[in-house]
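Q: For the record, the sequence lines run as chains A and B.
For the first sequence, the residue numbers in the numbering used here are 1 to 247.
For the second sequence, the residue numbers in the numbering used here are 1 to 247.
Just to be clear, a hint being listed does not mean it is correct.
Because identical chains share one entry, a pair is satisfied inside a single copy or across any pair of copies.
The list that follows gives simulated cross-link-like pairs (lysine to any residue, SDA-like), each with its CA atoms no further than 20 Å apart [as the list claims (entries may be wrong)]: (1) Lys-138 with Asp-30; (2) Lys-149 with Val-133; (3) Lys-156 with Gly-217; (4) Lys-222 with Ser-88; (5) Lys-138 with His-127; (6) Lys-222 with Asp-91; (7) Lys-87 with Leu-225; (8) Lys-87 with Thr-216; (9) Lys-149 with Ala-232.
No wet-lab data here; the hints were simulated from the structure.
Protein chains: 2
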Amino acid sequence: MAGENSSVTAEPEKERLLNQHKEKHFTAGDIVRDIIIGVSDGLTVPFALAAGLSGANASSSIVITAGIAEVAAGAISMGLGGYLAAKSEADHYARELKREQEEIISVPDTEAAEVAEILAEYGVEPHEYAPVVNALRKRPQAWLDFMMKFELGLEKPDPRRALQSAFNIAIAYIMGGLVPLLPYMFIPRAKDAMVASVVITIAALLIFGYAKGYFTGNKPVKSALQTALIGAIASAAAFGIAKVVHP
Amino acid sequence: MAGENSSVTAEPEKERLLNQHKEKHFTAGDIVRDIIIGVSDGLTVPFALAAGLSGANASSSIVITAGIAEVAAGAISMGLGGYLAAKSEADHYARELKREQEEIISVPDTEAAEVAEILAEYGVEPHEYAPVVNALRKRPQAWLDFMMKFELGLEKPDPRRALQSAFNIAIAYIMGGLVPLLPYMFIPRAKDAMVASVVITIAALLIFGYAKGYFTGNKPVKSALQTALIGAIASAAAFGIAKVVHP
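All chains should be modelled from the sequences, with the hints used to inform the complete structure.
A: Structure follows, in structure tokens:
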């Protein structure tokens, strides 16, 4: 880890950031991010759908059916969709890696010129960056890593992460979606259940929004209010539109 | 643009990639990405929800009500949610920029050591990277850009992109969602409408999946099949679950 080499960098948070940045293993940060992605939509869309149907005079039974069908579909769409997107990113990385590898072998002068170009952007003069370019030329593997990161801005993805992420997002979506639907499972009159659903879901949105702000380094109170506001706007829109379509 | 400086880089695609990477303006690539995000879920979830409700013997009227309410809620959740996420990324970048700026002023030796650390990772020796470190030290603005990019891996986000992205994703979701719902607006018996919905939505998923593969550099046919498969799995799950909940 970088900290062992450098007694100069005395900032633990920066070390952590550096290390997180270098080591793209599955981290707690990834799990948090997946949960945020899943719960954000999971708490919002099923809630709004249920509210909209209640406003259009559907029974609790229809609301639950629609809600659970939506949660299942949403979890699969987000989960499988996210998995495929991550796999396609991994394939993209592998293709770019192969291409860079070939270029380093076949047109090393071009690649060396690209390193020069990258450093020149920061005002580094040819006589200043030449030793670096030559150092890289002597170490093809390091050179390859350098091009992947600094020319193409690509990090090596962890293949297990794709599957794990997809699963986490889907589960988070389901957990989020069940919260607003619970009252409808116990209260037969949808319009009464909706009141309970609004109360517990807004509360859940505030708590989740606060936690989201805390974990992403944003003001938690502001985050809580914004998250609850999105839920409120989405459900108001669903409610209004459903009333128009099915008065 | 890089091409004017370098007669050695004779690869137009790499130039394009380099330039896209440097210039984080709003590009056609961003619009395509937003459309993919919106349509992927938009074509899948409302379709599955409608199929599920049809299987549970709801009328076309209920299916449309639920479908349109879900599309409204989904578009708002994705759109507003995406906007806030982008804004929070922009705030994060601004905070990190400010902190790096302060560190460059207050603890320049630490920052110089970090540059050394970054280059050392690629096997560059101290006598080789020292000129680069010194060059950066003389140019605080360039040094700051270097740290933001190579230490923290952050690109300067364009503030207008956040709003534009959110809007694009929301519109794409709505366009996607309306496709499977159209038959229900013309065919009163939901189970008949569902057949038409399945046909046009699977067709739309195949076409969209093909285009997605083409634009993201993945095999288009494989992408078409995967996209249609997700839609099929999501709707089968919704259909099955709805039948269990509401036989």
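Q: Against each hint, give a clear statement of whether it holds in the structure.
A: Verification of the hints:
Taking the closest pair of Cα atoms, Lys-138 and Asp-30 never come within 20 Å of each other, the shortest separation being 35 Å inside a single copy and 37 Å across copies. For the homomeric pair Lys-149 and Val-133, the shortest alpha-carbon distances inside one copy (15 Å) and between copies (19 Å) are both at most 20 Å. For the homomeric pair Lys-156 and Gly-217, the shortest alpha-carbon distance between copies (18 Å) is at most 20 Å, but the shortest distance inside one copy (25 Å) is not. With identical chains, the CA atoms of Lys-222 and Ser-88 are at most 20 Å apart between copies only, with a shortest distance of 11 Å across copies and 35 Å within one.
When the C-alpha separation of Lys-138 and His-127 is checked against a cutoff of 20 Å, the pair qualifies both within a copy, at 18 Å, and between copies, at 15 Å. In the homo-oligomer, the alpha carbons of Lys-222 and Asp-91 lie at most 20 Å apart only across protomers (13 Å), although the nearest pairing inside one protomer, at 38 Å, exceeds that limit. For the identical chains of this complex, Lys-87 and Leu-225 are inter-copy neighbours only, at 15 Å across copies versus 35 Å inside a copy, given an alpha-carbon limit of 20 Å. For the homomeric pair Lys-87 and Thr-216, the shortest alpha-carbon distance between copies (12 Å) is at most 20 Å, but the shortest distance inside one copy (25 Å) is not.
Taking the shortest Cα distances, Lys-149 and Ala-232 never come within 20 Å of each other, neither inside one copy (42 Å) nor across copies (38 Å).
Comparing the model with each earlier hint shows violations of hints 1 and 9; every other hint is respected.
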